[in-house]
Amino acid sequence: MASNSPPGVDGPLFKRALLGSLSWLAANHEEANRLNVFPVPDGDTGTNMLLTLQSAVEDIKDSNAAEVSKIAKLASHGSLMGARGNSGVILSQIFRGFARAVEGKSSLTPRELAAAFEEAANAAYRAVNKPTEGTILTVAREAGRAATAAASEPDASVPSVIAAATQGARAAVLKTPSQLNILREAGVVDAGGFGLQIILEGMLKTVEEVDAMPDRPAAARPQAAQAALELPEGGWGYCTEFLIEGTKLDTEAIRNQIEALGNSVMVVGEPELVKVHVHTDDPTRVIALAGRYGKLLKLNVGDMSTQHRRILESEAAGAKPPRPNGVGLVAVVAGSGLVEIFQGLGVDVIVEGGQTMNPSTQDMLIAIESVPYDEVILLPNNRNVILAAKQVASLTKKKVHVLETHSVPEGVAAVVAFRPDRSGAANVAAMKDEAERVQTIEVTHAVRDTRSNGLRVKKGDVIGLINEKLEFAGRDYAEVVNKALGKLGPDSYELVTVYRGAGASEDELENLQTAIRSNFPGLEVEVQQGGQQHYPFILSVE
Amino acid sequence: MAAKRPFAVVTDSTADLPDEWRDRYGIEVVPLKVLFGSETFRDRIDITDDEFFRRLATATKLPTTSAPSPGEFAEVFTRLAKDHSGCISIHIGARLSATAEAARVGAQSVEGFKVNVIDSKTVTMPLAFLCRVAAECATLEEASAAVEERVSKCRVLALLDTLKYIEMGGRVSRAQAMIGTMLDLKPLLLVTPDSPDVKSVDRVRTRSRAIPRMVEYFSADLPVEHVAVVHAQAPDEAETIAANLRKTLRGLEIPIGSIGCVLATHTGPKALGLVYIKK
Numbered sequence: 001m002a003s004n005s006p007p008g009v010d011g012p013l014f015k016r017a018l019l020g021s022l023s024w025l026a027a028n029h030e031e032a033n034r035l036n037v038f039p040v041p042d043g044d045t046g047t048n049m050l051l052t053l054q055s056a057v058e059d060i061k062d063s064n065a066a067e068v069s070k071i072a073k074l075a076s077h078g079s080l081m082g083a084r085g086n087s088g089v090i091l092s093q094i095f096r097g098f099a100r101a102v103e104g105k106s107s108l109t110p111r112e113l114a115a116a117f118e119e120a121a122n123a124a125y126r127a128v129n130k131p132t133e134g135t136i137l138t139v140a141r142e143a144g145r146a147a148t149a150a151a152s153e154p155d156a157s158v159p160s161v162i163a164a165a166t167q168g169a170r171a172a173v174l175k176t177p178s179q180l181n182i183l184r185e186a187g188v189v190d191a192g193g194f195g196l197q198i199i200l201e202g203m204l205k206t207v208e209e210v211d212a213m214p215d216r217p218a219a220a221r222p223q224a225a226q227a228a229l230e231l232p233e234g235g236w237g238y239c240t241e242f243l244i245e246g247t248k249l250d251t252e253a254i255r256n257q258i259e260a261l262g263n264s265v266m267v268v269g270e271p272e273l274v275k276v277h278v279h280t281d282d283p284t285r286v287i288a289l290a291g292r293y294g295k296l297l298k299l300n301v302g303d304m305s306t307q308h309r310r311i312l313e314s315e316a317a318g319a320k321p322p323r324p325n326g327v328g329l330v331a332v333v334a335g336s337g338l339v340e341i342f343q344g345l346g347v348d349v350i351v352e353g354g355q356t357m358n359p360s361t362q363d364m365l366i367a368i369e370s371v372p373y374d375e376v377i378l379l380p381n382n383r384n385v386i387l388a389a390k391q392v393a394s395l396t397k398k399k400v401h402v403l404e405t406h407s408v409p410e411g412v413a414a415v416v417a418f419r420p421d422r423s424g425a426a427n428v429a430a431m432k433d434e435a436e437r438v439q440t441i442e443v444t445h446a447v448r449d450t451r452s453n454g455l456r457v458k459k460g461d462v463i464g465l466i467n468e469k470l471e472f473a474g475r476d477y478a479e480v481v482n483k484a485l486g487k488l489g490p491d492s493y494e495l496v497t498v499y500r501g502a503g504a505s506e507d508e509l510e511n512l513q514t515a516i517r518s519n520f521p522g523l524e525v526e527v528q529q530g531g532q533q534h535y536p537f538i539l540s541v542e
Numbered sequence: 001m002a003a004k005r006p007f008a009v010v011t012d013s014t015a016d017l018p019d020e021w022r023d024r025y026g027i028e029v030v031p032l033k034v035l036f037g038s039e040t041f042r043d044r045i046d047i048t049d050d051e052f053f054r055r056l057a058t059a060t061k062l063p064t065t066s067a068p069s070p071g072e073f074a075e076v077f078t079r080l081a082k083d084h085s086g087c088i089s090i091h092i093g094a095r096l097s098a099t100a101e102a103a104r105v106g107a108q109s110v111e112g113f114k115v116n117v118i119d120s121k122t123v124t125m126p127l128a129f130l131c132r133v134a135a136e137c138a139t140l141e142e143a144s145a146a147v148e149e150r151v152s153k154c155r156v157l158a159l160l161d162t163l164k165y166i167e168m169g170g171r172v173s174r175a176q177a178m179i180g181t182m183l184d185l186k187p188l189l190l191v192t193p194d195s196p197d198v199k200s201v202d203r204v205r206t207r208s209r210a211i212p213r214m215v216e217y218f219s220a221d222l223p224v225e226h227v228a229v230v231h232a233q234a235p236d237e238a239e240t241i242a243a244n245l246r247k248t249l250r251g252l253e254i255p256i257g258s259i260g261c262v263l264a265t266h267t268g269p270k271a272l273g274l275v276y277i278k279k
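Quick mapping for you: the protein sequence lines, in order, are chains A and B.
Numbering (the numbering used here) for the first sequence: 1 to 542.
Numbering (the numbering used here) for the second sequence: 1 to 279.
Hints are not guaranteed to be accurate.
Unchecked claim - No more than 25 Å apart at the CA atoms, straight line, and that leaves these computed lysine to any residue pairs for SDA-like:
#  : chain 1 : residue 1 : chain 2 : residue 2
1  : B       : 164       : A       : 487
2  : B       : 270       : A       : 336
3  : B       : 199       : A       : 421
4  : B       : 270       : A       : 434
5  : B       : 199       : A       : 279
6  : A       : 459       : A       : 436
7  : B       : 199       : A       : 420
8  : B       : 164       : B       : 144
9  : B       : 164       : A       : 494
10 : B       : 199       : A       : 344
11 : B       : 199       : A       : 425
12 : B       : 164       : A       : 429
13 : B       : 278       : A       : 344
14 : B       : 153       : A       : 422
Unchecked claim - Chain A stretches covered by chain B per the calculated footprint, using a threshold of three residues with CB under 8 Å from any CB of chain B:
#  : segment
15 : 339 to 348
16 : 411 to 419
If you're looking for bench data, these hints aren't it; they were derived computationally from the structure.
Predicted model only: the values in this text are computed from it and were never measured.
The beta-carbon is built from N, C-alpha and C at its ideal position, and this holds for glycine as well.
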């Protein structure tokens, strides 16, 4: 080596490394999805991590920053905005910890890089209420430890540190089944941990290539890194549309300001009502800007690159009388019938998403900003959305209460208890009580063979979950629901609401109703068209 | 011929006046009507409550209701004019029904007979209480003053078993009630004299939770001068509510009333109400 100090990680290198991670994860995220432990169709850990990483990289693509600290900061902000699902949120915290560790630095020595990896893992641990070993957290920590060990070697280099981190991650991933029973039973490794391993591998491929000296055997040029550098020019924009209702609106002035934030800008209308359309990378800023001119109506933000997400404003939002308590309601729901039910109960804005389509922190933030109240109660209605929902509170000036609803029935029960004449805090307390009172039965088909909770399940079997826990498997819906209701003890309940999913036929619904009525004559049965995907039936028992 | 009695008390069938009160005080009850298609029934005259609910259960189309005509009121006032020097005519809230207006128009056609028509702004047994208050007064002026004073204090808390009927009748503003939903909710409604609409105060998914909720709202509105429990085909639940209230509200009679078929057309079966006049 010509110099004592080997080349460090500067802005451009870190940028390339992240793009390498992105392309490698893009090529492998399906693999992570397949590592889904639970037989319910929520195998989207890989997708969630990919979308989170895409968001992390979004602002970096156009940055020429020389300092690693600047790139890390962009990644931290971007991943936080785009965080989806639990693994995605943890990933965003890893970026955050990394960014903090490298603050003010233009380039990292191998030792500093290893320290940043360790700090990234620590930040992730701190962000989680009850850290579970055998998950992405463990993998992040082991990667950090291995990196630190490698950095103290005399000939330590950036590639050797990243290689050690990758190796540490791989070893930790392989060990996850011994740490978590649920993984061992299912015979898989942890999907989130595997995702992190892929991200490190992507970095390694990039730096090895950069580092390749002429006298070294040329490494096979990774296809993935190549793909990452050919990102589309326009980036991942959001098609953002809304109406501004106000007085003496100046379309010219509004257009000028919005043009600075995106392209395909269209601002038309009259002094009282202006229609805005823009493709932008930062819908939140557009909305904040427009919000200064008046009230925003019919807000619709479409993610043009990845998944199509819609934010639906309740039809009559403009016509509703203002709520005496000044508290808005935002709910995460999917399925046309369920969307209607939540809107009918008074929810102001629906964020479409749920089981296999976790909305990002940004999706929820946009929804909250578009509600015409400064205090908002947010209902995630799914365990995998809660963590991302909790991130929103720190990103808005509005007062946000995240009511931790784990299922659609809990969400409905909570919203029913909302009263427009009661304060936000009092509503949250009452809504929480109601949500906890409801029992949820979800019925679906196993997407893979597995063993879980002492049950042996074959792919395609009908499975029944009580409050998200797999309890029963069987051949038809009625059989599984009967067992589940029997377990709950029908004497303690009086009403069963059946939300029929998109995949359930009229006959199956009829059979299910008949079975419940004949086996549990004391229970009232109500049927609603939920229209949800993946779950032929969701039942609320109260 | 005996001397004319000072004044008569008239109400309508939505007062759900107990038979015993009607007989004891000689209160005149003018029936509203319920219409199943082209068939018209006078409330509690041509149809009993039990018959009404039997028909309601099998009807392909929901019944409609109508107020008495001014002519029917005129007949009643003409008859009363023979042996009374005046009359107080206390009726279902004018925002809910055209009955009070019909009484006013009917009274104009009976010359030389003074009729004080009172818009009670309420419905069901608070009306019955107002009639009793009036009947216990010595003069028409006293009776009118006593009733007028209490109109602003009448409340009806109603728990419906379904939104179906009140929605058809158009008596509840849905947007305000946040009940624009397919979901079967048990709405808790409040009729107050100062609100133009029947207000939705709460909504609950199951009946067993809704009843204590209704009692909670009532308890927050104490003290009361009069209170009754009314029901549509739910006598056992009404009796339980009344029995529990009697334990805590000593000295109050707490009668139980049965909701007549005109009002029941809007509430549907299994409706329960806590109705009262505040102190």
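Here is what the structure says about each hint:
1. 164(B) <-> 487(A): violated (33 Å)
2. 270(B) <-> 336(A): violated (32 Å)
3. 199(B) <-> 421(A): Given that 25 Å is the threshold and the Cα spacing comes to 12 Å, the pair holds.
4. 270(B) <-> 434(A): Holds. Residue 270(B) to residue 434(A) sits at ~24 Å (cutoff 25 Å).
5. 199(B) <-> 279(A): Violated: residue 199(B) and residue 279(A) sit about 44 Å apart, past 25 Å.
6. 459(A) <-> 436(A): Not OK: residue 459(A) and residue 436(A) at ~32 Å, beyond 25 Å, violated.
7. 199(B) <-> 420(A): holds (12 Å)
8. 164(B) <-> 144(B): violated (37 Å)
9. 164(B) <-> 494(A): Answer holds: residue 164(B) to residue 494(A) is near 20 Å, not above 25 Å.
10. 199(B) <-> 344(A): Judged against 25 Å, a Cα distance of about 17 Å means the pair holds.
11. 199(B) <-> 425(A): holds (23 Å)
12. 164(B) <-> 429(A): Violated, at roughly 30 Å.
13. 278(B) <-> 344(A): Since the Cα atoms of residue 278(B) and residue 344(A) sit roughly 34 Å apart, the hinted pair is violated (cutoff 25 Å).
14. 153(B) <-> 422(A): holds (24 Å)
15. 339 to 348: Since three or more residues must qualify, the claim that chain B covers the segment 339 to 348 of chain A holds, with 6 doing so at under 8 Å.
16. 411 to 419: Per the Cβ count (5), the hint holds.
Hint compliance for this structure: hints 1, 2, 5, 6, 8, 12 and 13 are broken, all remaining hints hold.
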